[in-house]
Amino acid sequence: MIFEFMDASNKKGFLIGNLCILIAVIFWGVNVSVTKALIPEWMTAYGIIIVRLIGGCIVMWITSLFIKCSKIQKHDWLKLILGGAIGLFLFIFLFILSLKYGDPIDISIIMTLPPIFVILIGVIFLKQRPSWIEYLGVVVSFIGAAIVILDGGKGRAGSNNTLGDILAIVSTLCYAFYLVILEGPTKTYKPITMLRWVFLFSAIPACALIPFATHEPIFHTREAVPWIEIAFILFCVTYIAYFLVEPAIKYIGSELVSIYQYLLPVFATISAVLMGLDKLKWMQVIAMAIIIVGMILTNIGKKRRKPTASENVPENKQVVDNTGKVSPNPQALRK
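Heads up, the sequence shown is in numbering that gives the first Met the number 0, so the first residue is 0 and it goes up one at a time.
Simulated from the structure, these hints should not be mistaken for laboratory data. One should not assume that every hint holds.
[As the list claims (entries may be wrong)] Result set (DSBU-like, lysine-lysine): computed pairs, CA atoms no more than 30 Å apart in a straight line:
hint : residue 1 : residue 2
1    : Lys-249   : Lys-11
2    : Lys-189   : Lys-249
3    : Lys-78    : Lys-67
4    : Lys-70    : Lys-186
5    : Lys-280   : Lys-11
6    : Lys-78    : Lys-11
7    : Lys-99    : Lys-278
8    : Lys-10    : Lys-278
9    : Lys-73    : Lys-249
10   : Lys-99    : Lys-249
11   : Lys-99    : Lys-11
12   : Lys-70    : Lys-189
13   : Lys-10    : Lys-78
14   : Lys-186   : Lys-249
[To be verified] Derived DEER-like restraints, expressed as beta-carbon distance ranges:
hint : residue 1 : residue 2 : range
15   : Lys-278   : Ser-63    : 41 to 47 Å
16   : Glu-182   : Ile-295   : 19 to 25 Å
17   : Pro-210   : Tyr-134   : 28 to 34 Å
18   : Ile-123   : Ile-57    : 31 to 37 Å
19   : Phe-234   : Asn-17    : 20 to 26 Å
20   : Lys-189   : Arg-221   : 37 to 43 Å
21   : Phe-124   : Leu-21    : 17 to 23 Å
22   : Ser-69    : Cys-206   : 25 to 31 Å
23   : Gly-183   : Pro-246   : 17 to 23 Å
For each residue, glycine too, the CB sits at the ideal point set by N, CA and C.
My request is simple: use the sequences and hints to build the entire structure.
The structure is reproduced here in structure tokens:
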């Protein structure tokens, strides 16, 4: 039915957009298990943080040498600095530390929470007024997260599951901050124009971790598997996935893109079980289902909510994607 109202080019764009975000979410889901497999046998948490931030910064800047980048406006510099130093650095720092202590399936479930925190940030700092359905979605999702935390200390894969769950929740809050503060620049600049600076400002604080990662076990092995896993984290998770999100937003809109984040625990669970890192528990399935229900309620409420005066979203400023759907928020998830 959805294709009946599209011409051939729009059908192609719709399929491309869905394929791009699906690949990105697969990368993010598998990344949870791959990172858990590397810590602490082959790398410390600090070593992986350095690979993702400093390595990612280097790759982004090399890419920018081959793509024409526009000039950053003065009023956007503070957003890029805060987005990199707080949003990206703290998000990845706390996320990887959470995997050091916690259960990979629990962490992947918690990683579906950023849209909820985006709403809360909008209420507190941007004076937005969500509908009662959105508030209900927030409450339901937090119930799911609470189940994950309360059930986290029952002898599963992590060394300190409760601490890992708490670190994961704080990391998702940092990621939500990243989404909110970089929403404007994302509309204005090409991906590489913005990402090279965001990664640079995240790599600067990451340099302080280098003294703690000078004796990584991976440097003393000839085994190929850990090196392949590191290459996957750098090029697929940190580099390719960021660029796949952009055409996805263009072709299918931010709302449909955000829904794909619900699949992250699915791919993380499948990879964790296949890699022998964990076994799926019924309580995890229940928590996952509760959080997804909360997310769906939140999206329904957001779709029905009319912009307030403080949100200042005039009709001619809205973005219409190729499906003809109005998307007031073109920013999507990034891990």
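*Keeping to a limit of 30 Å between CA atoms, is the pair of Lys-249 and Lys-11 held or broken?*
It holds: about 12 Å lies between the C-alpha atoms, which stays within 30 Å.
_Pair hint Lys-99 and Lys-11, alpha-carbon separation not exceeding 30 Å_ = violated, 41 Å
*asked:* Just to be sure I understand the hint, the distance between the Cβ atoms of Ile-123 and Ile-57 should be within 31 to 37 Å; is that true here?
replied: holds, 36 Å
*Determine whether the Cβ-Cβ distance between Glu-182 and Ile-295 falls within the hinted range of 19 to 25 Å.*
holds, 22 Å
*Within 25 to 31 Å or not, the Cβ separation of Ser-69 and Cys-206?*
holds, 27 Å
*Taking 30 Å as the top limit, are the C-alpha atoms of Lys-70 and Lys-189 close enough?*
Measuring from Cα to Cα gives roughly 11 Å; hence the hint holds.
*Are the Cα positions of Lys-186 and Lys-249 separated by 30 Å at most?*
Roughly 11 Å between the alpha carbons, so the hint for Lys-186 and Lys-249 holds.
_Just to be careful, I want the Cα atoms of Lys-70 and Lys-186 compared with a cutoff of 30 Å; is the pair within it?_
OK: Lys-70 and Lys-186 at ~14 Å, within 30 Å.
*Lys-189 and Arg-221, beta-carbon distance inside 37 to 43 Å?*
For Arg-221 against Lys-189, whose Cβ atoms are near 41 Å apart, the range 37 to 43 Å holds.
*asked:* Tell me if the straight-line CA distance from Lys-10 to Lys-278 falls inside 30 Å.
replied: violated, 39 Å
_Please verify whether Lys-10 and Lys-78 have alpha carbons no more than 30 Å apart._
violated, 35 Å
*Hey, Lys-280 versus Lys-11, does the alpha-carbon distance stay inside 30 Å?*
violated, 39 Å
Checked against the numbered hints given earlier, the structure breaks hints 5, 6, 8, 10, 11, 13, 17, 21 and satisfies all the rest.
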